[in-house]
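Chemist: Based on these hints, arrange chain A on the given structure of chain H.
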Amino acid sequence: MHIIDRRLNPGGKSLENRQRFLRRAKALVQGAVKKTSQDRGIKDVLEGGEVSIPLDGMDEPRFRREGGTRDMVLPGNKKFVEGDILPRSGDGSGRKSAPGQGDSEDAFRFVLSKEEFVNLFLDDLELPDLAKRKFAEAESHALQRAGYATSGSPANISISRTVTRALARRVALRRPRPQAIAELEARLEQESDEEKRAELLAELEALKAKAKRIPFIDPIDIRYRRFETVPKPVAQAVMFCLMDVSGSMSEHMKDLAKRFYMLLYVFLTRRYRHVEIVFIRHTDRAEEVDEQTFFYGPASGGTLVSSALQCMHDIVRSRFRPSDWNIYAAQASDGDNATSDSENVARLLTDNILPVSQFFAYLEVGESGTYSFEMPDSSLWSLYERLRAGGAPLSMRKVRDRSEIFPVFHDLFQRRGTTQERAAS
Amino acid sequence: MSELLFEGADWNFSTLQRIHDACETVAHRELGLDTYPNQIEVITAEQMLDAYSSVGMPLFYRHWSFGKHFAYHEASYRKGLMGLAYEIVINSSPCISYLMEENTATMQTLVVAHAAFGHNHFFKNNYLFKQWTDADGILDYLDFARGYVGQCEERYGRLAVEHTLDAAHALMSHGVDRYPGKKKLDFREEEKRAGKRRLYEEGTFNDLWRTVPTGPVKTSAVLNVERRRALLGLPQENLLYFLEKTAPRLAPWQRELLRIVRHIAQYFYPQGQTKVMNEGTATYVHYRIMNRLHQDGRLTDGNFLEFLQSHTNVVFQPEFDDPRFSGFNPYALGFAIMQDIERIVKDPTEEDREWFPDIAGTGDEMAVLRDVWANYRDESFITQFLSPNLIRQLRLFHLHDDPAERAGVLVDAIHDERGYRRIRRELSKQYDVGYIDPNIEVVDVDLAGDRRLMLRHTVVKGAQLAETDTKRVLQNLADLWSYDVSLVEVDAATDKVLKEYVLNPRIQPAAA
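Chain order of the listed sequences is H and A. Number 173 in full-length UniProt numbering belongs to position 173 of the first sequence; there are no gaps in the numbering. Number 233 in full-length UniProt numbering belongs to position 233 of the second sequence; there are no gaps in the numbering.
One chain only, chain H, in its complex shape (with noise of 0.2 Å):
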């Protein structure tokens, strides 16, 4: 007989079939993602965990047989005699039985990790590259140690590695110590008899000999450290969420923003350390909120969108200064504003607001069911679109499905210049 310790195995035998599970369901379980971060508050999104997915989607078919004659023996009989004749429900004998079999279960609890959340999340949304390279690009670059090098400039040279490869060397190789030729030294001016003291004499010529033949530092010993340039993520950013809650904007309308500021949220994520979220929500006097009031408190009243800006501008000048922060912006509205705000619009966005911002995303949000070209133009639209021509860096789209949020999103994260580039290509 033999007993085998197993537990120290590894484990984790099972994920590569796992993996390979997850590629397959892939469909089913990013409609479960999604479905998930529905429900979600824009920081959750990232905490991964559990999501149902049907199993029903996932079986393996097998020739099964139904319907027909049923004979069954069962255990139990309290008072039955043969020829009764018991009514159809309930009779305790259609109960299935063992899960995971037939239709007895109809959807499973999956659980997935963080990072394997966010890539399906993502890769829903096909996240394109060009607009990381983008992003990149307001990265700075830093120089990050990376190891030792045999070559490099005497600047680079690394003292302590020298020393400690020259010592192991000088020990390998038996350099004899310097003590040990002062103490022979010293033995050789005492020593009287001539034999002996050629014998020292003679040992002492070997080592110092030897000493001479074995450097104290040598060319190979020598060592420098070594530098890589790496981009270094700039460290944070905030971003800030502003809507218009008049009475106009309906639940779908800010669904549809919250899911735009969740993109952005996930975006700026994988790109700083530390993202900060504001959120602004005005009416005709605007006011920071928190997530749960944006997106479900109730408000109503008129529509001065400057009022938002305004706000927006005060925040950035009390807590973050446009040289530690990235800012970004994303206004969602349905685009209707009091005509005698657009001056105040214009002045805040054009002085105060653009020059500090990294990008600032204009969505006009309207109601499902009809296409976006059969809108007509908000005055808000009207009065941005003034604003880009006259060279405002603004990004504006308008949506009306959900459907429609990531393809906007790709839109307006598109590296600039990409069509000269390829035009010129």
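Treat the hints as calculated values from the structure; they're not laboratory data. The model shown is predicted, which means the values in this text are computed figures rather than measured ones. A portion of the hints provided could be inaccurate.
Here are the computed lysine-lysine pairs in the DSS-like style, where the Cα-Cα straight-line distance is at most 25 Å [as the list claims (entries may be wrong)]:
| hint | chain 1 | residue 1 | chain 2 | residue 2 |
| --- | --- | --- | --- | --- |
| 1 | A | K471 | H | K26 |
| 2 | H | K196 | H | K210 |
| 3 | A | K461 | A | K496 |
| 4 | A | K245 | A | K275 |
| 5 | H | K79 | H | K254 |
| 6 | H | K78 | A | K429 |
Where chain H lies over chain A, by a calculated footprint (3+ residues, C-beta under 8 Å) [what the hints assert, rightly or not]:
| hint | segment |
| --- | --- |
| 7 | 40 to 48 |
| 8 | 167 to 179 |
Pair ranges (Cβ atoms, derived) [what the hints assert, rightly or not]:
| hint | chain 1 | residue 1 | chain 2 | residue 2 | range |
| --- | --- | --- | --- | --- | --- |
| 9 | A | P357 | H | G68 | 52 to 62 Å |
| 10 | A | G147 | H | S151 | 29 to 39 Å |
| 11 | A | F316 | H | K78 | 10 to 20 Å |
| 12 | A | E46 | H | V163 | 15 to 25 Å |
| 13 | A | R353 | H | K78 | 29 to 39 Å |
| 14 | H | L354 | A | G150 | 12 to 22 Å |
| 15 | H | A142 | A | T15 | 30 to 40 Å |
| 16 | H | G68 | A | Y179 | 20 to 30 Å |
| 17 | H | E82 | A | L447 | 20 to 30 Å |
The C-beta atom is built at its ideal place from N, Cα and C for all residues, glycine as well.
Modeler: Positioned in the frame of chain H, the structure of chain A alone reads:
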């Protein structure tokens, strides 16, 4: 001899050794069991989950459905819906038993007695296992299968391999030979042969041959129908075997994959037919061993009570109106019948003498049981040994459910004089693979025409095939066959055609 094996719940490897030796003494001397050498492996809960998902085998080829099972088991385990089995045991020589590290010393003793002696003896001696499985070669064969599938994935792409395996898995339950052929399966030999075959094919491959014009093809009129069917070995119920040998457009590696799936299906075939007996045997054996160890003073009363609690859970059979009821518990049924045999052999009543003249009162229950374990499977075991006494004790009754009957379900037999034989017959049918699996066979191939493969399902008691699943399986079959596939459902009694399916392969054969 009466010193305790252990005290308390803790154990270490020398405890395991003592436990094993004590169990072995009882098993071999008192019960007269004959077992493969044992190998005991201690594993963690996660490794147990791993083992679950690859149908209990220590190594298996890679496939997404194992990942699915892992995810499923893991989710229900984490939620506490499911406890893990205390052990998994593999029909191989040496017989490998996995023990979980969380088990207490008492549980380890129970598991060693149950798996390392009960199951082990059954695997080694039951005629179905002897006939169909090769305990010495299975691990090597699985190793080969895993390697081969991996190689195919490298050469032909993961997706192509996956498609072939999916299709083969769908037909897995129709990939077994139900009747013993000329010779016993020898996995090691088989693996060597497969290797040689591949080497030969690779060595003699010459692309030039492909371009040599072939001679005039014999017209199909020459082959009359009977001869053709005989040549193809029709009718054939082993669908995987038929495809492997005759599907016209499969690549050699695809045939090899079909062969692997078929061999594995065949390896598990006896397990499906002997669930009640196998678990009953193991339960009976562990019950005897544990009682003996307790009587000899090698287990404390406390440990023995702990054992009794687990044992009672294992053999618990809820009644039909209990919310926990989900069919017969094979442990409970098998154990009950075997205990009943012991009673009949040792202390028979008049009724027993009348029903079981051969064994009643013979006195040596182990000789009778060893013979039963060696020579029966679930269906014949129940037909032979379910006694009136046990039918009364379990209060069994038989329901006949005819969908055409509006009034309801008929109670056809209960535990009385008139009912015993009918109940016994019906219960044994529930374990008869001939009844459980639909009877589907290849009946013909239209070689003269469009090479359509023709299958026939013989419908018993009006139970037709579930439509959606059937279409999907047939689609897989058509993809492997590369030409149309048809399936007719024919009523066994009246010969009337009830339904017909025709499916085209998704990948059309290239125009000749």
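Chemist: Would you mind marking each hint as holding or not holding in the structure?
Modeler: Do the hints match the structure? See the list:
For the hint pairing K471(A) with K26(H), the CA-to-CA distance comes to about 24 Å; that is within 25 Å, so the pair holds. A distance of roughly 21 Å separates the Cα atoms of K196(H) and K210(H); the hinted pair therefore holds under the 25 Å criterion. Distance hint between K461(A) and K496(A) is fulfilled; the C-alpha atoms sit about 13 Å from each other, no more than 25 Å. For the hint linking K245(A) to K275(A), the alpha-carbon distance of about 31 Å lies beyond 25 Å, and the restraint is violated.
Among the hinted pairs, K79(H) with K254(H) is inconsistent with the structure: their alpha-carbon atoms are about 63 Å apart, more than 25 Å. In summary, the hint linking K78(H) to K429(A) is supported, as the alpha carbons are separated by about 24 Å, within the 25 Å threshold. Here the segment 40 to 48 of chain A counts 7 residues with a CB under 8 Å from a CB of chain H, which clears the bar of 3, and the coverage holds. Taking a C-beta to C-beta cut-off of 8 Å, the segment 167 to 179 of chain A contributes 5 residues in contact with chain H, enough for the three needed, and the coverage statement holds.
Between P357(A) and G68(H) the beta carbon distance is about 38 Å. The supplied range of 52 to 62 Å is therefore violated. The supplied range of 29 to 39 Å is broken by G147(A) and S151(H), whose beta-carbon atoms lie about 46 Å from each other. At roughly 18 Å, the beta-carbon separation of F316(A) and K78(H) lies within the given 10 to 20 Å, and the hint holds. A hinted range of 15 to 25 Å is violated for the C-beta pair E46(A) and V163(H), which are about 49 Å apart.
For R353(A) and K78(H), the Cβ-Cβ distance of about 30 Å falls inside the hinted range of 29 to 39 Å, so the restraint holds. In this structure, L354(H) and G150(A) break the distance hint of 12 to 22 Å, their C-beta atoms being roughly 57 Å apart. Between A142(H) and T15(A) the CB atoms are about 59 Å apart, so this pair departs from the stated range of 30 to 40 Å. Separation of G68(H) from Y179(A) is about 26 Å and conforms to the stated range, judged on CB atoms against 20 to 30 Å.
For the pair E82(H) and L447(A), the beta carbons lie near 54 Å from each other, so the given range of 20 to 30 Å is not met.
Going down the numbered hints, you'll see the structure goes against 4, 5, 9, 10, 12, 14, 15 and 17, while the others check out.
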